[in-house]
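*Asks:* Got chain A; can you put chain B on it based on the hints?
Chains A and B are the protein sequences, given in the same order.
Each residue of the first sequence is one higher than the last, beginning at 12 in our numbering.
Each residue of the second sequence is one higher than the last, beginning at -10 in our numbering.
These aren't lab readings, by the way, just hints derived from the structure by calculation.
There may be inaccurate statements among the hints.
[Stated by the list, open to error] Pairs of lysine to any residue, SDA-like flavour, derived with a Cα cap of 20 Å:
1) Lys106(B) - Val243(A)
2) Lys120(B) - Arg379(A)
3) Lys184(B) - Met200(B)
4) Lys377(A) - Tyr133(B)
5) Lys97(B) - Ser277(A)
6) Lys377(A) - Glu136(B)
[Claimed, not checked] Chain B regions said to be covered by chain A (calculated; three or more residues, Cβ under 8 Å):
7) 3 to 12
8) 65 to 79
9) 93 to 107
Because the structure is a prediction, the values reported are computed rather than measured.
Glycine included, C-beta positions come from ideal geometry on N, C-alpha and C.
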Amino acid sequence: MLNSLFWTFWLWVIALPFAGPIKSIYIASVFFILSFLRFIKFPATISSFKDNWDEFLSKANEKIPYGYLIVRILFILSIIIIPMFLDRRANNILVDCGIYALLALGLNIAVGFAGLLVLGYIAFYAIGAYSYALLSVHFHIPFFVCVPISAGMAIIFGILLGLPVLRLRGDYLAIVTLGFGEITRIVLNNWDGVTNGPNGILGIARPSIGSFVFHSPKNYYYLILVFLFIAVFIFNRLNNSRLGRAWVAIKEDERAAKAMGINCMSLKLLAFAISAAFAGVAGAFFGAKATHVSPESFTFFESALVLCMVVLGGMGSIPGAILGASCLIIIPEIFRDYFGNSRMLLFGIVMIAMMRFKPEGLLPYKRRNL
Amino acid sequence: MKILETKQVSKHFGGIKAIEKLDISINKGEIAGLIGPNGAGKTTFFNCISGVYPLTHGKILYKDKLISNLRADEIATLGLARTFQGIRLFTSLTVLENVMVGRYSRTKCGLWGALIKPKWAREEEDSVKEKAGAYLEFVGLKDYRNELAKNLPYGCQRKLEIARAIASEPELLLLDEPAAGMNPSEVKELICLIKKIRDTGVTVLIIEHHMRMIMEICEKIIALNYGVKISEGTPLEVSNDQKVIEAYLGRENA
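Just chain A, same shape as in the assembly:
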């Protein structure tokens, strides 16, 4: 009881700057009632939450022959029908989730598999977006032809950057890729002749199949869903292959990996290129959805956000990347209604708590039993 009161008060103080005194009382009292009813144990709020979560995960990992399949089918059905019940704004948010999930999956190949800390990942996203934008505006090339071209451009830049840079390790690699991200944005911002500078490129064609043009958020949702399925498929195949094992080996111990006959340089380059390709595709999709690209969409903040998604969800994990992306896109949107501009501050606190109490991520990747 006393403990509950203490923690409720603590929560009120924390919420105070974001929500004002009155709203904070509402929030704190909800928690108080919950704790009073023993839904939440306050003295060890987060650790008991962690225990419950771990238990939930271990249960979810147990495969119940038919029940498991049914849950899967229900899950897939629900993600297919969900946009029908949502309004335009919510669907838009879902499409953003999809784009970021694609980015998080891509970055996961570099960070989660090969252990390459890339801080300028958004540059490849920008390259993909501008590739499609320029091809669409100047040459009227349809979206679905441009997707592989965007991916190809991202791969080319990935290899050009990777060749000299992947010899570096850890922090140094992070710094150089961070620089690359900034260089890309600054070039886009200043190369007026090609990129139209800060104004960006307008009037990018929407994707179309035959006479059907994707126009509403709902359409885009299904399109990104298809992309995501393909991405998950590729990710999964890579993960459970000789390459996937070799990447993890490089991440864990490069010297030992070399002693196993693994050519670290070329495999890192491959991971980097595939990772860039994912971002290129996501970028093309982003350009097609927004019909407008400008350098301000490709700031360092975006790179950091995608990295947060990967880390929050759990490195090397598919559901983790998707959950991470969903959390980091949806939660700030929900906070927007309650906390306004200080939502990012709260968001930061949530991230810190997360790293303190569950550093391996929400849905860490569990090695399969072979």
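*Replies:* Then chain B, alone, in the frame of chain A:
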């Protein structure tokens, strides 16, 4: 027949001569030991052979082929496997997957094989799994198959490192202090294991401080001190060599 031959190999770190003009030859099918006090340059020598460090001078021949200008992964692919002094397992992979990584150089499934998974790639993956399982059984880790490598007890980690190394079907195996930190019964098991490996036709070169083990299994011993070879011969010859005794115990009346 010589499987490994070094000619005037030197490795200097700045002014420190870790290895100086070392001539060594290892015959096919033997178990050879490399001994010497701490800092004698034994591990540096292993790192030179396996391509971790570039040489300062000299040549290393493996099966009469020059390997001292190759990268570490190329040398490993030629059939020269090694373990490490401090255990270097892939800790977040399972025990079986660690050994499967060891099969890397003997398989060839690349990006397209992984994505499209044609029949040969599936068969290759199955055979990798099967062989990795067999190697685990060979070293006696069958029961730990699906454990994470980091959760294994110390002695088992050592064995796993050996399993991973022999999974690449090497002709020459370099073991860097395999018995470090093991208790007497584990050492006994290790001796059996190394002999078993040699009986499959693998040449073994061991760095070890555990003298009883070295004396028991090695057919030839090379002693180093300060990066220079001070003695070479059968265990009996080396253990009676005055220079070796001095290197370990110091000189009388010094």
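*Asks:* Hint numbers the structure violates, sorted upward?
*Replies:* Those not satisfied come down to hint 7.
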